[in-house]
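Line by line, the protein sequences give chains H and Z. Sequence positions in the first sequence follow the numbering used here and run 1 to 362. Sequence positions in the second sequence follow the numbering used here and run 1 to 362.
Hints are not guaranteed to be accurate.
[What the hints assert, rightly or not] Okay, the calculated beta carbon distance ranges per label pair:
hint	chain 1	residue 1	chain 2	residue 2	range
1	Z	Gln309	H	Gln320	56 to 64 angstroms
2	H	Val285	Z	Ala64	53 to 61 angstroms
3	H	Lys162	Z	Lys203	20 to 28 angstroms
Please keep in mind that the hints were generated in silico from the structure rather than gathered at the bench. For glycine and all other residues, C-beta sits at the position ideal for the given N, C-alpha and C.
Protein chains: 2
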Amino acid sequence: MAKKDKQKEKLSELGEKIVKDIDKNKNPSITIPIRALTNIEFNEKTKTLELGKKTASRYFFNVAHAKKFLQTVEIASIIKKELIDTGKHEHLRGVFYITKRTIPETNINIVDDQTESDKIIEDLEVITGLSREQLHVSANKMGSLVGNIIIEDSGDTINCAKLGKGGYSIPSITDELSFKKVNAKYVLYMEKAAIFERLSEDKFWQKNNAILVTSQGQTTRGIRRLLQRLAEEENLPIYVLCDGDIYGAYIYSVVKYGSIALAHASERLTIPSVKYVGITMEDVVKYDLKKHLIKLDEKDLARIKQVSQYDWFKDNKAWQKQFKMMKEFNGKVEIQALATKGVSFISEKYLPEKIKNKEFID
Amino acid sequence: MAKKDKQKEKLSELGEKIVKDIDKNKNPSITIPIRALTNIEFNEKTKTLELGKKTASRYFFNVAHAKKFLQTVEIASIIKKELIDTGKHEHLRGVFYITKRTIPETNINIVDDQTESDKIIEDLEVITGLSREQLHVSANKMGSLVGNIIIEDSGDTINCAKLGKGGYSIPSITDELSFKKVNAKYVLYMEKAAIFERLSEDKFWQKNNAILVTSQGQTTRGIRRLLQRLAEEENLPIYVLCDGDIYGAYIYSVVKYGSIALAHASERLTIPSVKYVGITMEDVVKYDLKKHLIKLDEKDLARIKQVSQYDWFKDNKAWQKQFKMMKEFNGKVEIQALATKGVSFISEKYLPEKIKNKEFID
């Protein structure tokens, strides 16, 4: 069955179930897996945060449910007719505006606020088992890619080794890209665009046969999915390069294990094989960066305490050692501190050596 | 003279002047145009915010000046030796780390905080007349481009009509790109990446023979310079698409006239020919968007008052009318509100009609 048909079918099933309820004179209902902390668990086997088995039902004839029931059916219908049937994609904000109209013969809006439509779209993900991306709903586009990979995007064949310093601008939905040819040993992902530009200018990806990805901000779903597909479909190791601080550790953990907010989408986003390449507290000693440590403040310390107790970190000796050293040094270190060793120290020495010697944290 | 030589020469002149002062037993000094509101004026003729003629001198033998004098010479030297001579570029943050070391035989750092090195880099811009980009110092990379243009970036020839939905990821420094072939009637710039993805998916640029640029956030210097070069070197009209609110008006005005913070760089950034394509308050009426107006809050109203009194807006009748209508409607409107007319209404009707009928605000 074609991908598009599968998507349509899942949404049609939802509608057909409601019609059946009506035909049987039953109170129409929709069953939804619960997306709350009480139903989120860390699966020790798959090493991902996932939803448990608890569900709830939403009834049409129930004053507390009726509006959400209507919103669910309405947005499912918009997604099927306006987006999947036409092959178009719409941003979360656009779906909100399309949904925001009055219920006929009333003054009541179907939705008043984007948080309402966003939540319904998440509900539809868990109801249908389709990701938001498969439902053709996008969020903000972010990030760039350069390296030894040929990608097909909307019929265009793009050689990402021939895109200058700038690179390929990653779309918000990466599920629909195809990898035509990959000639790389690994993928290096970094949040900081400044580091991407350093490595891109130095042609790090060419010298080391790699693919570079940056998000220029938070790791979006589109980038997580892209990295996951490169790991799963192309068997590429994914290395994460972050600042040596608790926020870097958390960014890494989201890519690897998932996040509480998106536990329902873990299967399509997490990458258990991903490894952390730096910066580590050992690097601070090895590369004499102590004088470039930034003193921890109360917020940093509170966050270290919190993150170190997360299920996915609490029994991880290597990470616990990092957290301990952060507290002992009472400091954090930025990737850019490596520039004190020379502008291209990071691309000529730091990264090639660490990757060659497999000095990773898992 | 090659571009690189000119850059080196300007920095060498700064050093040679200091050596001359020393040879003559004079107190070494550096003359710097003042970058403060008292020395910023709106040039009615060129329609740009620019620096006036006031200068200040920084002396080595002056306890109040000595540290800044040292910082200026040190950073000028780093830029010449580490960046321009090697052809490399470094981010503002990296320049800070490279500069941040102790003055020999003291415990005093040359700089303690990035704001210090950032300010010195701005000083060097006005001292040498070279832009930060020409000094090889970058800021965060942002933004994407698609459309009928072939760009050369670092030896790669990039056809931006063959980059799928994603597009070309714009580097932080766009001065060094070359335009190999341009086959477009205009450039459409929008801040919102979501709108870029809508227009890119609809192949708006192909149907309308255009180039699309988004910044995915604030309009960076790199994007302003890129738009300016497309306007000046390729004689392309630049149209700006923003939300119908005071912030949209301000974004437009920065692209067109410049900003107070970057008045010293106006010449290389402002685009007097740029035009505003929407969204306007008239569109709210014409396209029946009144029910999608978002109520103004106190912050909006205060900002309308402030912006409407700026030199570059205060005698502009078309913009004063916009501000008046915003207050009358007591509302603002987002571009995405057009999605209520259909997902592709913006690309199939709104923009083609407005551009065809030249319904711009100047």
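Evaluated hints:
| no. | hint | verdict |
| --- | --- | --- |
| 1 | Z:Gln309 x H:Gln320: 56 to 64 angstroms | holds, 58 angstroms |
| 2 | H:Val285 x Z:Ala64: 53 to 61 angstroms | violated, 39 angstroms |
| 3 | H:Lys162 x Z:Lys203: 20 to 28 angstroms | holds, 22 angstroms |
Checked against the numbered hints listed earlier, the structure breaks hint 2 alone; every other hint is satisfied.
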